Amino acid sequence: MTAFEHIDEETKKGMVLIWKGMSEEDREYFVDQVALALSIWGGDEAGKLLVARVMSALVKDGSKNLADFGLYIEEYLSNNAKENRRESMERASDIITRYRMKNALSSVPHKDFEI
Numbered sequence: 001m002t003a004f005e006h007i008d009e010e011t012k013k014g015m016v017l018i019w020k021g022m023s024e025e026d027r028e029y030f031v032d033q034v035a036l037a038l039s040i041w042g043g044d045e046a047g048k049l050l051v052a053r054v055m056s057a058l059v060k061d062g063s064k065n066l067a068d069f070g071l072y073i074e075e076y077l078s079n080n081a082k083e084n085r086r087e088s089m090e091r092a093s094d095i096i097t098r099y100r101m102k103n104a105l106s107s108v109p110h111k112d113f114e115i
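Reminder that position 79 of the sequence shown reads as 79 in this note's numbering, one-by-one numbering, no gaps.
These aren't lab readings, by the way, just hints derived from the structure by calculation. All of these numbers come straight from a predicted model, not from anything done at the bench. Glycine residues also receive a C-beta, built at the ideal position from the N, C-alpha and C atoms. Mixed in with the good hints there might be a few duds.
Unchecked claim - Within a straight-line C-alpha distance of at most 20 Å, the following computed EDC-like cross-link-like pairs (lysine to aspartate or glutamate) qualify:
hint, residue 1, residue 2
1, K48, D112
2, K102, D32
3, K111, E83
4, K64, D44
5, K111, E5
6, K64, E24
7, K82, D112
As the list claims (entries may be wrong) - Pair ranges (Cβ atoms, derived):
hint, residue 1, residue 2, range
8, D112, T2, 27 to 35 Å
9, N84, A35, 34 to 42 Å
10, S106, T11, 19 to 27 Å
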């Protein structure tokens with residue numbers, strides 16, 4: 001079973017729709033953040049599953065940009081206290097936070113806020 005087979009169809013559709021609406025620059029930021037995460041978590045199925053789960057948290061929270069990936073690692077961890085790779089996820093989050101700051105990326109998810 002591959003990492004994204006663990007994610008429900010509705011969430012996967014949301015990921016695709018978000019990707020289609022993203023700018024080329026935001027796509028590059030997203031890919032860079034995932035690559036950084038996988039370099040720390042490992043490129044095995046367990047590492048890829050963490051990527052899929054973080055992306056799922058992003059979509060379910062209503063973010064409209066996959067480049068928000070780095071913002072959702074801590075969110076995922078706060079909701080999954082028993083995560084096996086917690087230490088490496090925290091390390092990745094710190095590194096990605098610095099990457100986001102260096103590239104002047106938003107520290108707030110791209111969401112439509114209801115008033």
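Evaluated hints:
no.	hint	in the structure
1	K48 / D112	violated, 28 Å
2	K102 / D32	holds, 13 Å
3	K111 / E83	violated, 26 Å
4	K64 / D44	violated, 27 Å
5	K111 / E5	violated, 26 Å
6	K64 / E24	holds, 14 Å
7	K82 / D112	violated, 31 Å
8	D112 / T2: 27 to 35 Å	holds, 31 Å
9	N84 / A35: 34 to 42 Å	violated, 21 Å
10	S106 / T11: 19 to 27 Å	holds, 22 Å
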